[in-house]
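If you're matching them up, the sequences are chains E and F in order. Numbering-wise (the working numbering), the first sequence opens with residue 34 and increments by one. Numbering-wise (the working numbering), the second sequence opens with residue 172 and increments by one.
None of these hints come from the bench; they were simulated from the model. Idealized CB from N, CA, C, for every residue including glycine. Take the hints with a grain of salt, since some may be wrong.
Selected chain E positions facing chain F (Cβ under 10 Å, derived; list incomplete) [said to hold, decoys possible]: (1) VAL37; (2) LEU53; (3) VAL62; (4) LEU63; (5) GLN320.
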Amino acid sequence: MGTVYVTQEDAYIGKVDESLNIKADKKTVLDVPLIKVDGLVIMGRANISPAAISELISRKIPITYLNVNGKYLASIEPDMGKNIFVRNAQWKAAGESAQAVHLTQGFVRGKLKNYRQSLLLAQRRYDLDLNSGITQLSNAIASLEQAKSINSLRGYEGAGSAAYFGCFNQLIRVDNFSFSTRNRRPPTDTVNSLLSLGYSLLRHDIQGALNMVGFDPYLGYLHTERYGRPSLALDLMEEFRPLIVDAVVLAAINRRMLAPKDFITEPVSGAVSLTKEGLHLFLRLYQEKKLSKFKHPVMQKQYTYQESFEIQGRFLAKYLLGEIDKYPPLVMK
Amino acid sequence: MFVVISYDISEDKRRTKIHKILKSYGQWMQYSVFECDLTQTQYAKLRSRLSKIIKPNEDNIRFYFLCACCQGKVERIGGDMPRDTTVFFA
């Protein structure tokens, strides 16, 4: 199973028999059986036929629109799940409830622990001194236990992230890339543009998984409600950010698969984005990461990251419905 | 399951139809030979779609099943490589 990425400008996506047929300049550039497809991501402009849309929806394959820089625009998804009980539990926990506090704590703990783990690994591998960052992260993680309100949890999350991104430049082991601080909308350097693109793709996947479980992705706990913001997807994303996106970005840079020549800068806004070749390479790396297997610490079985999105979503549902008394974030050792 | 499907269809129009259906289920490897990696359900659906179209006394379609350990033993000289199904670009 794979995701189809359409990056060709003005491509035409149609349906032929039970396969997806993508044409550009009246020539077929891709023809894939729908049984091999589990997601369609359209970057930039492309036409899609009504027949293809309805076929994709009936097969529960989400369609995501991104702009050429990878910024999320919209998605067409199958109807929200019929599981009203899950959604009811989700809404009941909204606001400052004990469940919301517990979940927020879980998301933040998962994220910060994974941050700390990747710093510890890098420290050992490259013989660096990242102790101050690691101590700050450990302190933030320890304080999480005492935090009683979501706002204070947000504070520790911010402090932890700042500590991690403060060390991020040292994780980059090549000369031609560097990182100072996180910036976005638009990202104005190469590393930030990769991170933003990666988070966009991850969000597409997590939102799909949440929809599958039956959640309303727009009501979150760590992230507050804002028009059009899929807060729950952003919440659940936290623990996966370092595991998937940061790992892919660092691998692409440190293994010298991407070079500064793979990026273009937009002169007025200073927005940095990938060239077509660079983009294809990055998308492939991301996909490979998503399909790589690991032993799930709670389930004690081999899963791909792709499957773990849904597993974490199921844990979330079980916790909200009172079937388990703690939400276990995915923390990798 | 991994299936190699070969067909012998006398009439052009019917052959084109069969070819089109098979393209939705697997990869075209040679003239009238497809390789498909299918689940039980997908195979059943494909088989029923095909059996509706063919004329049993003139045409024939064969399904050769390869077990998991035999799949890796397929040797190829020339021709198209099997499609990578982890990610598709256009």
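Evaluation of the provided hints:
1. VAL37: 4 Å, holds
2. LEU53: Since the shortest Cβ distance to chain F is 8 Å, the answer is holds.
3. VAL62: OK, holds: VAL62 (chain E) within 10 Å of chain F, min 5 Å.
4. LEU63: 4 Å, holds
5. GLN320: It holds, given that the least Cβ distance between GLN320 (chain E) and chain F is near 4 Å, below 10 Å.
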